[in-house]
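Chemist: Sequence:
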Amino acid sequence: MFSKLSQGVRQRFGQGLASVLACVAVSAGAAAPAEGLNLTAQQVAALGVTSVPLSQSAQGGLTVPAQLRLPAQQQQVLAAPVSGLVTAIQADTGAQVRQGQWLVRLRSTQAQALRRDALQAGSQHELAERSLKRDEQLMSEGLIAQSRLDQSRTQARVARLTAQQQQQAVGQALGSAQVSPNGEITLVAPMSGQVAELMVSVGQRVEEAAPLLKLANLQELSVELQVPVQQAQGLQAGQTVQVLLAGGSAAPGSGELVATVVSIAPLLDERTQSVTVRARLRQTASGSLRPGQWVQARLQSAAMAPRLPESAIVTLTASGEQAVFIEEAPGRYRLQKVKTLGRQGSDMVVQGLPDTSAGAAPLRIVTRGTAALKALVKP
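Count the sequence shown with the working numbering and you get residues 24 to 402, in order.
It is worth saying that the hints were derived from the structure and are not from the lab. Among the hints, erroneous ones may be present.
[Unchecked claim] Quick list of the computed label-pair ranges, beta carbon to beta carbon: (1) Ala384 - Gln259: 49 to 59 angstroms; (2) Ala308 - Lys362: 50 to 60 angstroms; (3) Met214 - Thr263: 54 to 64 angstroms; (4) Gln124 - Pro251: 38 to 48 angstroms; (5) Glu333 - Arg303: 33 to 43 angstroms; (6) Ala308 - Ser224: 45 to 55 angstroms; (7) Arg303 - Gly226: 33 to 43 angstroms; (8) Val181 - Gln124: 52 to 62 angstroms; (9) Arg391 - Gln253: 50 to 60 angstroms; (10) Gly315 - Gln253: 20 to 30 angstroms; (11) Arg92 - Gly226: 39 to 49 angstroms; (12) Ala308 - Val285: 40 to 50 angstroms; (13) Gln201 - Val285: 35 to 45 angstroms; (14) Gly261 - Pro204: 14 to 24 angstroms.
The beta-carbon is built from N, C-alpha and C at its ideal position, and this holds for glycine as well.
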C-alpha cells in the first residue's frame, strides 16, 4: 500500500512539474541557446533553479607574466666577407627589406686581390690546357718525346687545381656577394624582414667578419613564460595560450591573441621552481607587438581546468553535446556548451567556460533545476 501511495505522490508531483513547465514555456517562450531564457522570480522558484558563483579556484586556468622574444631562426646578421671601406648603405634601422635586395657596398683591396688571383689562375689553366692539346697532337705525329708530354700533363693538372682553389677561396670569402672589377662588393639581404639594428656607417672601415646589420622577421614571435611546476603538469605542445597586454587587454586592433605551445623545457629552474614554456604567436595586423615586450599569458591544462558539480552539466538531446547554464542576471540564463575532461573527486573537470581572469565578475553556474531549464530550450 505504501508503494501505491508513493507512486501516486510521484505521479501528482510529475503532473505538477509539467504544469509549471507549461506555464513557464507559455510566458517565457522556448528559447534558442544563443537567445537565453528570461524567467520571473516566481518561475525561478517554481522550477527550483539554484545557481552558485564559480570560485576562482574552481575556475581553473593560470595567468602568468610572459615576455615576447624573437626566435633565433627568424633573425640573421649580415657580416663583412672581407675587410674594406663602407661606401654605401641603402636601408636604415626599421626599414622593410626583401630577400635579395642590396643593402651595403664595400670597397675592398682584399676582394680585388682575390678576384685578380682567381682570374690569373683561370688564365694559366686555359693556357696549360692548350699547351697539353698541342703536345698531344705533336706526340701523335712522333715529333716530341714522351717526357715532354708527361711534363705538359703535369703542368695542366697543377694549373687546374690552382684555378679550382682560387675559385673556392673567392666563394668562401665572398659567398653570393657581387664583386666589380675595381673591388667593390655589393651585399644583399639574405632574408625578407626589417633592419633591426644598423651597426656601421658610410665611410667606416670594417674588418673581415665584422657585423654590419641585423635583420629580423617579426611575423612570428615567441612567447616565453615561467609556469610553476605543479601547474605545468598536463601541458603539452600544440595547446593554445591566450595572450593579453600587461594591462590585461588585447593589442589594439588585434582582437584575441592566441599562441600555440611549441616547447616545454625538460629542466626545472631550481630558484623559482618553475618550468619555461615557449609558445609561437603570429604578429598582429598592425604590427604592434615587439620583442622584449611584457604581456600576460593565460593557459589551461587538465590539472587547472574548471571543476563543476555533476548536477550542473546537462546533455543536449539533439547533438549529444554537454553544456551548463550560466546565470547572466537574476532570471536570465544562457546555455554554454562545454567539454568534460574527466572527474576529480565528486566534480567534473570541464573546458569551454568563458574566461573571467581579466577582472570580470565570477560566473554563476546553475547547479539545481538544470533539467527544468533544459526542457525550456529549443532542441
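Chemist: Next, verify each hint and record whether it holds.
Modeler: Results for each hint:
1. Ala384 - Gln259: 49 to 59 angstroms: violated, 31 angstroms
2. Ala308 - Lys362: 50 to 60 angstroms: violated, 30 angstroms
3. Met214 - Thr263: 54 to 64 angstroms: The hinted range 54 to 64 angstroms is violated for Met214 and Thr263, with Cβ atoms some 28 angstroms apart.
4. Gln124 - Pro251: 38 to 48 angstroms: At roughly 46 angstroms between Cβ atoms, Pro251 and Gln124 fall inside 38 to 48 angstroms, so the hint holds.
5. Glu333 - Arg303: 33 to 43 angstroms: holds, 37 angstroms
6. Ala308 - Ser224: 45 to 55 angstroms: violated, 34 angstroms
7. Arg303 - Gly226: 33 to 43 angstroms: The hint (33 to 43 angstroms, Cβ to Cβ) holds, given that Arg303 and Gly226 are roughly 41 angstroms apart.
8. Val181 - Gln124: 52 to 62 angstroms: About 41 angstroms separates the Cβ atoms of Val181 and Gln124, which means 52 to 62 angstroms is violated.
9. Arg391 - Gln253: 50 to 60 angstroms: violated, 33 angstroms
10. Gly315 - Gln253: 20 to 30 angstroms: Holds, since Gly315 and Gln253 (Cβ atoms, about 29 angstroms apart) stay within the stated range.
11. Arg92 - Gly226: 39 to 49 angstroms: violated, 34 angstroms
12. Ala308 - Val285: 40 to 50 angstroms: Check failed, 22 angstroms falls outside 40 to 50 angstroms.
13. Gln201 - Val285: 35 to 45 angstroms: holds, 38 angstroms
14. Gly261 - Pro204: 14 to 24 angstroms: violated, 55 angstroms
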